[in-house]
Amino acid sequence: MKKQIATISENLGPWFEKHSLPRMQDAAKRWEAELSVVTPKQRMGVLGQMLMSEIAQQADRTLYVDADCLISREAPDPFKEFPAGHMYAAMDSKPNDFLCFHRAGDIISIQAILGSIKWGATYFNAGVVLCDRQHAGAWADFCLLPLAFQGQTFINYRARKLGYKLVELPRAWNAMEINTPEHLEHWEEAHIVHAAGIYDQRREEWMEKVDKIVP
Numbered sequence: 000m001k002k003q004i005a006t007i008s009e010n011l012g013p014w015f016e017k018h019s020l021p022r023m024q025d026a027a028k029r030w031e032a033e034l035s036v037v038t039p040k041q042r043m044g045v046l047g048q049m050l051m052s053e054i055a056q057q058a059d060r061t062l063y064v065d066a067d068c069l070i071s072r073e074a075p076d077p078f079k080e081f082p083a084g085h086m087y088a089a090m091d092s093k094p095n096d097f098l099c100f101h102r103a104g105d106i107i108s109i110q111a112i113l114g115s116i117k118w119g120a121t122y123f124n125a126g127v128v129l130c131d132r133q134h135a136g137a138w139a140d141f142c143l144l145p146l147a148f149q150g151q152t153f154i155n156y157r158a159r160k161l162g163y164k165l166v167e168l169p170r171a172w173n174a175m176e177i178n179t180p181e182h183l184e185h186w187e188e189a190h191i192v193h194a195a196g197i198y199d200q201r202r203e204e205w206m207e208k209v210d211k212i213v214p
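When the count follows numbering that gives the first Met the number 0, it moves up by one through the sequence shown with no breaks and lands on 214 for the last residue.
Think of the hints as simulated: they come from the structure by calculation, not from any bench.
Quick caveat: nothing in here was measured; it's all calculated off a predicted structure.
Ideal placement from N, C-alpha and C gives every residue a C-beta, glycine not left out.
Careful, some of the hints might be misleading.
Said to hold, decoys possible - Using C-beta positions, here's what the derived DEER-type ranges look like: (1) 10 - 117: 35 to 41 Å; (2) 93 - 149: 14 to 20 Å; (3) 204 - 56: 33 to 39 Å; (4) 117 - 214: 41 to 47 Å.
As the list claims (entries may be wrong) - The calculated DSS-like cross-link candidates involving lysine-lysine, where the alpha carbons are at most 27 Å apart (straight line), are: (5) 79 - 1; (6) 79 - 40; (7) 208 - 28.
Just need the whole structure built from these sequences, with the hints factored in.
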């Protein structure tokens, strides 16, 4: 079985090669997976992640991680932890928001434009996704309507429209400051820490700080 860790490298700061990339390389070695760092030939912005529609077809199973993720050197092998046949992702919500209520507007607006699929609750963060080859369609046929919905919302929509079996990843696999601020002192317990919502100079500083905390 071919396994890969995939990420998109586009217009990134020095923090990627200094903090994120070495951890991805370590994880790939420990989990006996290939590391696929994809650099678009031209600037793609939000479209970059949609390259997963091709990347995911290059292996039996793929762990996609945003470039701003730090993988713990003690993280267990997700390819062993989570059986094939499902698409895994962590909820994009506060710990007590089980329905992802704050994403209601995104859920409603995309269905108003692309058509109802009777999706009424839950919304995953697309920064860390474990999938199989057959899940590549979640990133395919992207409609670029930035004023209407995000790329992440489109991936959520497509996965549900195509009937993929979605399983929630524990928050330890996608620990985000924006969703779990009360756990900031426990980054060392996370398997993957994600700098979602942290940009520019603050991201550089955040990566420097958290890289010293995560094993």
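We went through each hint and held it up to the structure:
1. 10 - 117: 35 to 41 Å: Taking Cβ atoms as reference, residue 10 and residue 117 lie about 38 Å apart, which means the hint holds.
2. 93 - 149: 14 to 20 Å: holds, 18 Å
3. 204 - 56: 33 to 39 Å: holds, 37 Å
4. 117 - 214: 41 to 47 Å: This hint holds: roughly 42 Å between Cβ atoms.
5. 79 - 1: holds, 13 Å
6. 79 - 40: violated, 34 Å
7. 208 - 28: Measuring from Cα to Cα gives roughly 25 Å; hence the hint holds.
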